[in-house]
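Participant: Each chain, written out:
There are 2 protein chains.
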Amino acid sequence: MPTDTPLKNEPPQVDAFQPPDRLLMGAGPSPVHEDVLKAMGQTTIGHLDPTMVGMMDELKDMLRYVFQTQNAMTFPVSGPGSLGMEACVNNIIEPGDKVIVAINGVFGTRMAEVAQRAGADVIITEDEWGTAVDPGKVEAALKANPGVKAVGFVHAETSTGALSDATALCRLAKDHGALSIVDTVTSLGGVPVNIDVWGADAVYSGTQKCLSCPPGLSPVTFSDRAVQVTLDRETPVQSWLLDLSLVAIYWHGDEKTGARTYHHTAPVNALMGLHEALRRIVQEGLENVWARHRETSAIIVAGMEEMGFSMLVDADVRLPELLTIKLPDGIDDGAVRGKLINDYGIEISAGLGPFAGKLWRIGVMGEGARPENAERVLSAIKECIG
Amino acid sequence: MPTDTPLKNEPPQVDAFQPPDRLLMGAGPSPVHEDVLKAMGQTTIGHLDPTMVGMMDELKDMLRYVFQTQNAMTFPVSGPGSLGMEACVNNIIEPGDKVIVAINGVFGTRMAEVAQRAGADVIITEDEWGTAVDPGKVEAALKANPGVKAVGFVHAETSTGALSDATALCRLAKDHGALSIVDTVTSLGGVPVNIDVWGADAVYSGTQKCLSCPPGLSPVTFSDRAVQVTLDRETPVQSWLLDLSLVAIYWHGDEKTGARTYHHTAPVNALMGLHEALRRIVQEGLENVWARHRETSAIIVAGMEEMGFSMLVDADVRLPELLTIKLPDGIDDGAVRGKLINDYGIEISAGLGPFAGKLWRIGVMGEGARPENAERVLSAIKECIG
Numbered sequence: 000m001p002t003d004t005p006l007k008n009e010p011p012q013v014d015a016f017q018p019p020d021r022l023l024m025g026a027g028p029s030p031v032h033e034d035v036l037k038a039m040g041q042t043t044i045g046h047l048d049p050t051m052v053g054m055m056d057e058l059k060d061m062l063r064y065v066f067q068t069q070n071a072m073t074f075p076v077s078g079p080g081s082l083g084m085e086a087c088v089n090n091i092i093e094p095g096d097k098v099i100v101a102i103n104g105v106f107g108t109r110m111a112e113v114a115q116r117a118g119a120d121v122i123i124t125e126d127e128w129g130t131a132v133d134p135g136k137v138e139a140a141l142k143a144n145p146g147v148k149a150v151g152f153v154h155a156e157t158s159t160g161a162l163s164d165a166t167a168l169c170r171l172a173k174d175h176g177a178l179s180i181v182d183t184v185t186s187l188g189g190v191p192v193n194i195d196v197w198g199a200d201a202v203y204s205g206t207q208k209c210l211s212c213p214p215g216l217s218p219v220t221f222s223d224r225a226v227q228v229t230l231d232r233e234t235p236v237q238s239w240l241l242d243l244s245l246v247a248i249y250w251h252g253d254e255k256t257g258a259r260t261y262h263h264t265a266p267v268n269a270l271m272g273l274h275e276a277l278r279r280i281v282q283e284g285l286e287n288v289w290a291r292h293r294e295t296s297a298i299i300v301a302g303m304e305e306m307g308f309s310m311l312v313d314a315d316v317r318l319p320e321l322l323t324i325k326l327p328d329g330i331d332d333g334a335v336r337g338k339l340i341n342d343y344g345i346e347i348s349a350g351l352g353p354f355a356g357k358l359w360r361i362g363v364m365g366e367g368a369r370p371e372n373a374e375r376v377l378s379a380i381k382e383c384i385g
Numbered sequence: 000m001p002t003d004t005p006l007k008n009e010p011p012q013v014d015a016f017q018p019p020d021r022l023l024m025g026a027g028p029s030p031v032h033e034d035v036l037k038a039m040g041q042t043t044i045g046h047l048d049p050t051m052v053g054m055m056d057e058l059k060d061m062l063r064y065v066f067q068t069q070n071a072m073t074f075p076v077s078g079p080g081s082l083g084m085e086a087c088v089n090n091i092i093e094p095g096d097k098v099i100v101a102i103n104g105v106f107g108t109r110m111a112e113v114a115q116r117a118g119a120d121v122i123i124t125e126d127e128w129g130t131a132v133d134p135g136k137v138e139a140a141l142k143a144n145p146g147v148k149a150v151g152f153v154h155a156e157t158s159t160g161a162l163s164d165a166t167a168l169c170r171l172a173k174d175h176g177a178l179s180i181v182d183t184v185t186s187l188g189g190v191p192v193n194i195d196v197w198g199a200d201a202v203y204s205g206t207q208k209c210l211s212c213p214p215g216l217s218p219v220t221f222s223d224r225a226v227q228v229t230l231d232r233e234t235p236v237q238s239w240l241l242d243l244s245l246v247a248i249y250w251h252g253d254e255k256t257g258a259r260t261y262h263h264t265a266p267v268n269a270l271m272g273l274h275e276a277l278r279r280i281v282q283e284g285l286e287n288v289w290a291r292h293r294e295t296s297a298i299i300v301a302g303m304e305e306m307g308f309s310m311l312v313d314a315d316v317r318l319p320e321l322l323t324i325k326l327p328d329g330i331d332d333g334a335v336r337g338k339l340i341n342d343y344g345i346e347i348s349a350g351l352g353p354f355a356g357k358l359w360r361i362g363v364m365g366e367g368a369r370p371e372n373a374e375r376v377l378s379a380i381k382e383c384i385g
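The listed protein sequences derive, respectively, from chains A and B.
Read in order, the letters of the first sequence are residues 0 to 385 in numbering that gives the first Met the number 0.
Read in order, the letters of the second sequence are residues 0 to 385 in numbering that gives the first Met the number 0.
Chain A on its own, in the form it takes in the complex (with noise of 0.2 Å):
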């Protein structure tokens, strides 16, 4: 032992992977800095290397910056945003708990699902797709169902585009003695996030959206009553390896001598890109960011309205960085994206659910929110349906 069997697959001849250039406009990944890549592509060090704790404490204060919150609980997890997700909903909820998920898409139906798994007594309020949550619905909910623990809801939907009133939804949550569970995916760095304001309590966010940055990683920040909530549990999380009592020995130490020790080896070359990607945005600045975002997608807007195309969601409530375009007939929906990714190396995304073939996704989010990405996808579009 070892045994000496001999190998029975035989190697597959691969060759070396190249990317094609892209330019990323759908609804994520979005397009990725060079200097982010750099970083990303630097020597890995060990998980534990004193030079690496240092920098996730940057990391740290960075998120907290793009959050805009105070929350010690703050740390990015080692995994996509749906692992971020399930962080949040599975540190908060405990078997029986009753919660109130509100649904106006793909991604609070995601949300509900996962409650569900992870043992929730599950209250959906729904809104149509395309239109913001309804707080009133969620307040009906609310006093139709006393003890309610967590009210779950997405800030910026992916799948629609349409943003919902995160002030709202948290305070309803507070003043019914509930804690927020919200997904800010799509719109942290986009829009205004502010977590302290909102008094949100368990936040989850991705990379690969409006932060620019690869995505692998889920930002998430947690209050400090979400964090005594997920102590005070009586039932153990049901992933270990999302257990915030248990990870918070690496991401913050020990709670008496400060000491950071082993929990899982994360993705250090993942966070070194990270820590690029939002060192930029503090240094452009987060008003300005969402400012480009702003002004990026209103000429995507203009442009698309004038070749005919109308917009999914009110102007009231649309995402910036992400724009639900309804296909008037005669486009040929497969056709077309085929082309621009062919063609012109430009992706747009497909609707989803009930909007697959029905609409374009298209994404304005972190570096591709220029006004020059603008242009060119706005040209090779009306050259693919002239």
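Every clue listed holds true.
Simulated restraints, written as ranges between beta carbons of each label pair:
#: 1; chain 1: A; residue 1: E294; chain 2: B; residue 2: S244; range: 36 to 46 Å
#: 2; chain 1: B; residue 1: L6; chain 2: A; residue 2: E374; range: 27 to 37 Å
#: 3; chain 1: B; residue 1: E233; chain 2: A; residue 2: R293; range: 44 to 54 Å
#: 4; chain 1: B; residue 1: N287; chain 2: A; residue 2: E374; range: 50 to 60 Å
#: 5; chain 1: B; residue 1: A258; chain 2: A; residue 2: E382; range: 24 to 34 Å
#: 6; chain 1: B; residue 1: E233; chain 2: A; residue 2: P235; range: 20 to 30 Å
#: 7; chain 1: A; residue 1: G284; chain 2: B; residue 2: I330; range: 44 to 54 Å
#: 8; chain 1: A; residue 1: D332; chain 2: B; residue 2: E233; range: 33 to 43 Å
#: 9; chain 1: A; residue 1: E382; chain 2: B; residue 2: D223; range: 42 to 52 Å
#: 10; chain 1: B; residue 1: S244; chain 2: A; residue 2: T260; range: 29 to 39 Å
Honestly, the hints are just simulated from the structure, not real lab data.
Since the structure is predicted, the reported quantities are computational estimates derived from the model, not experimental observations.
Think of the CB as a built atom: it goes at the ideal place given N, C-alpha and C, for glycine as much as any other residue.
Dock chain B against the given chain A, drawing on the hints supplied.
Facilitator: Same frame as chain A, but now just chain B:
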């Protein structure tokens, strides 16, 4: 709405992070070849880009080669090895299922905890840390507990450096009508891993050990039997992200049309890195890679023994890629490891659990497994303790 709340958090002043040069000879991450870093730092593309889908198919083929399996359900989970552990345990186990977990170190202990969190009735067998799992104890537990659904064990215990007999343990499970759940985090690419010869059912690994790739992905492979057990479940898998029946649509495609569609946004750049790391192993040939681990490890063992150190693990079950080296009296663990990293840029790892302060873990993994690295470690240790 968007609310124009003024920013409350000041932007932190942060310099670009430049990792120091390190020779990673600890328990992982291992050194990453420049070509892998370059591959990972290539431009980000969409997770459903046609070229991405082709790259993913090659990646699955190469994983099948390193796992030595024909299993269709073979892909990298979008998270670290601990998430791969949860993927295997949580897909197989339903609440109330009886599971035997063989513990001979930290990672068997973790698997038992993950199984408990999945609601299993966990039956534990224990072996002294530093020894292999005793198949006799597992057999006795199987006989004493009819109806066990799965037997879980760690092939290569990263905390102790002991290799267990996967062939015997998987056969025992099968003979008693149970599935096997196998941790190959530290064995894959370092010593023979022969999934189909073993008849293993649910197997996970990590990228940051002998595959010499940055941390962040967990290759998994499931036998057809294990996939069927997952499809036949009466309760949903706890984790939405890890549910094989859902993630399959992204990694394997729709059952009827073969079309690959969105499940979650996979970590595109990390996957490009893994593609290149696997390509390097395929080109060198698995048997040559195993030999390189064995030969480099022998240099370190001989050198350390010459300096008066002794090995924790008996030679017949000693992992070449993870050496646990007992500290003689008079050696200051923390001081020497600190000097090694600060003055020599060499990372070795501390003991875990009961071995904290009592031994070192020297990793001989992937690109680390080269004679010149062995010589560098030996000469630095000699100077540090001299």
